[in-house]
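Student: Chain residues, written in single-letter form:
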Amino acid sequence: MDRFLADELTADEVRHIAALTRLGLTDDEIETMRGQLSSILKVFESLQQVDTEGVEPTGHTTEVRTVLRADSAQESLEREGILKNAPDSEAGYVKVRPILG
Amino acid sequence: MVNAGSELTGITAHEAQDLLSSGQVSSVELTEAVLKRVEEIEPQVHSYITVTQDRALDAARAADEARADGKAEGPLAGIPVMVKDNLSTEGVATTAGSRMLLGYTPPYDAYVVEQFRSGGAVIVGKGNLDEFAMGSSTEHSAFGATRNPWDTDRVPGGSSGGPAAGVAANECFVSLGSDTGGSIRQPAALCGIVGMKPTYGLVSRYGLIAFGSSLDQIGPFSRDVRDAADTLSVISGHDKRDSTSLDTPAQDFTSSLTGDISGMKLGVPREYLVDGMESGVKAAFEKSLETLEGLGATLEEVSLPLTDQALAVYYIIAPSEASANLARYDGFKYGNAVNDVPTAWDVMDQTREQGFGAEVKRRILIGAYALSAGYYDAYYKKAQQVRTLIRQEFAATFENFDALVTPTSPTVAFKAGDRMDDPVAMYLSDVCTIPVNIAGLPAISVPGGISEDLPVGLQFIGPQMGDGTVLRVAHAYEQATEWHRLKPGI
Numbered sequence: 011m012d013r014f015l016a017d018e019l020t021a022d023e024v025r026h027i028a029a030l031t032r033l034g035l036t037d038d039e040i041e042t043m044r045g046q047l048s049s050i051l052k053v054f055e056s057l058q059q060v061d062t063e064g065v066e067p068t069g070h071t072t073e074v075r076t077v078l079r080a081d082s083a084q085e086s087l088e089r090e091g092i093l094k095n096a097p098d099s100e101a102g103y104v105k106v107r108p109i110l111g
Numbered sequence: 011m012v013n014a015g016s017e018l019t020g021i022t023a024h025e026a027q028d029l030l031s032s033g034q035v036s037s038v039e040l041t042e043a044v045l046k047r048v049e050e051i052e053p054q055v056h057s058y059i060t061v062t063q064d065r066a067l068d069a070a071r072a073a074d075e076a077r078a079d080g081k082a083e084g085p086l087a088g089i090p091v092m093v094k095d096n097l098s099t100e101g102v103a104t105t106a107g108s109r110m111l112l113g114y115t116p117p118y119d120a121y122v123v124e125q126f127r128s129g130g131a132v133i134v135g136k137g138n139l140d141e142f143a144m145g146s147s148t149e150h151s152a153f154g155a156t157r158n159p160w161d162t163d164r165v166p167g168g169s170s171g172g173p174a175a176g177v178a179a180n181e182c183f184v185s186l187g188s189d190t191g192g193s194i195r196q197p198a199a200l201c202g203i204v205g206m207k208p209t210y211g212l213v214s215r216y217g218l219i220a221f222g223s224s225l226d227q228i229g230p231f232s233r234d235v236r237d238a239a240d241t242l243s244v245i246s247g248h249d250k251r252d253s254t255s256l257d258t259p260a261q262d263f264t265s266s267l268t269g270d271i272s273g274m275k276l277g278v279p280r281e282y283l284v285d286g287m288e289s290g291v292k293a294a295f296e297k298s299l300e301t302l303e304g305l306g307a308t309l310e311e312v313s314l315p316l317t318d319q320a321l322a323v324y325y326i327i328a329p330s331e332a333s334a335n336l337a338r339y340d341g342f343k344y345g346n347a348v349n350d351v352p353t354a355w356d357v358m359d360q361t362r363e364q365g366f367g368a369e370v371k372r373r374i375l376i377g378a379y380a381l382s383a384g385y386y387d388a389y390y391k392k393a394q395q396v397r398t399l400i401r402q403e404f405a406a407t408f409e410n411f412d413a414l415v416t417p418t419s420p421t422v423a424f425k426a427g428d429r430m431d432d433p434v435a436m437y438l439s440d441v442c443t444i445p446v447n448i449a450g451l452p453a454i455s456v457p458g459g460i461s462e463d464l465p466v467g468l469q470f471i472g473p474q475m476g477d478g479t480v481l482r483v484a485h486a487y488e489q490a491t492e493w494h495r496l497k498p499g500i
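Protein sequence lines correspond, in order, to chains A and B.
According to this note's numbering, the first sequence is numbered sequentially starting from 11.
According to this note's numbering, the second sequence is numbered sequentially starting from 11.
Pulled out of the complex, with its shape left as it was, chain A reads as follows (with noise of 0.2 Å):
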């Protein structure tokens, strides 16, 4: 554990998750996210106090398995319906700005 759990975040934090999430925050939005974010993490002490040693996580509360379909071609959405809803598109695909370089 990097710091103690009830501290507060510090301004960089909050830019480091922000940054993390892809938000460009304001300074003014930094600020309010601190404090808010910091009474957010103090309801979450509580659970420190649970005994979990050797309880296993719950991801679904139902049984979840992985169904195949079967390997046949299916209809699927109209490209069309798709690619009118993208900012950009050219050529029947969706048209982004290049990320590497």
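Worth double-checking, as some hints may not be accurate.
[Said to hold, decoys possible] Distance windows between CB atoms, simulated:
hint	chain 1	residue 1	chain 2	residue 2	range
1	A	Gly45	B	Gly384	15 to 25 Å
2	A	Gly91	B	Ser272	47 to 57 Å
3	B	Val434	A	Ser99	41 to 51 Å
4	A	Thr76	B	Arg338	17 to 27 Å
5	A	Thr72	B	Asp285	25 to 35 Å
6	B	Arg338	A	Glu18	44 to 54 Å
7	A	Glu39	B	Asp64	52 to 62 Å
Hint data in this document are derived by calculation from the structure and do not stem from the laboratory.
Even glycine gets a Cβ: it sits at the ideal position worked out from N, Cα and C.
Model the placement of chain B on the given structure of chain A, informed by the hints.
Tutor: Positioned in the frame of chain A, the structure of chain B alone reads:
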């Protein structure tokens, strides 16, 4: 002929179905009456984000023709309904209450929308919600807040405030919401109507815009329990396109409504009578317990100590899942993009900065933090382990009880603006409903009294797949009381 005023729009769906099948009213007349009511009342209530008047009238004409051909089948044939605007509707804008999805038109229908259409329901429009279903007051909608029909200075609850207020204000007969931590039951309680969250997996989430995938479940709002049972029968069933859809045969929930609960054992969990519960809510609850005893049920106090941890578990797991689910809004595939910036990274940063509201940003940040290196074990994994213990605590309790009975919300509808600057106070609105989602259980809220001239909700919780049981208990209680007949004066 029945007058097409608020009297006609205020009856239950099954009463409207009786009028349709006896030929006293047509679906077109019913739909016109609802559209007129919507036009009159929307400036005060704002239940709808989008009203699809022409489509509704087309669907109503088709329903009348089907009936004339002897093909009208099912409880919702020809009945005007609303669906929450996080349910995908082919060719009709679906916003999830967010600027992020402005301009987005789904190329397909959600499973429940398909079920509504094939059952002949007349979809009047899309109901308002807190952005991406994150909130308890419907004040976090990018398209303006919904107000409570009982007092328009107050909130309708949330996040499904539009679908709840719409049923309460006679703007539709039945509606669909989604419930991740109470988003159907809490607004049902605050608006004085019936709202049900089914067992996780009973209703397919295909086409529901995802918030917390292991918690989200779609369910009905209605004016009585019979309509909730009828609607659940229409929307439940196995769907291969949702990998968590339970592979169970279609069920007729209406047959669960026997009216008899004598000999049933009901647990009253003491932890749900939380600090800060209003005295009027507590008094109404105690009176409801007497009513249930009068019906021959055996009531016994029970303790579920881990209830106190449910809020923390929920506000780690739901935002963690949300931070992953909302990563898809990057400005490239759909919706409202900011493109006048230099790089792909700037498109993402600025699209998300401008497209998401404050509550959504808060939850994305909390979720990403709980999942991040160094904190994963302390927050996310810990919450999932406590989730296991909460499930086990419920399972052990249901070995001794048929259902649990609790208040739905610790307070009546609160004033608009009161909790907007204090996220933790807003989160506490759902303290009685959240444990149910953590364990994937079915639960229903029914009108259970009045306090300060506002409705109070009564919640029944059942074991997994005990949907019929909670409907049966709720129905027997409702039939023994008059609370569900009270209407807002609007």
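Student: Now tell me if each hint is right for this structure.
Tutor: Tested hints:
1. For the pair glycine 45/A and glycine 384/B, the supplied restraint of 15 to 25 Å holds, since their beta-carbon distance comes to about 22 Å.
2. Glycine 91/A and serine 272/B have their C-beta atoms about 54 Å apart, which keeps the hinted 47 to 57 Å range intact.
3. Range check, valine 434/B to serine 99/A: about 43 Å between beta-carbon atoms, so the 41 to 51 Å window is met.
4. In this structure, threonine 76/A and arginine 338/B meet the distance hint of 17 to 27 Å, their C-beta atoms being roughly 21 Å apart.
5. Remark: the range hint 25 to 35 Å for threonine 72/A to aspartate 285/B is upheld by a beta-carbon distance near 33 Å.
6. For arginine 338/B paired with glutamate 18/A, a C-beta distance near 31 Å fails the hint of 44 to 54 Å.
7. The supplied range of 52 to 62 Å is broken by glutamate 39/A and aspartate 64/B, whose beta-carbon atoms lie about 41 Å from each other.
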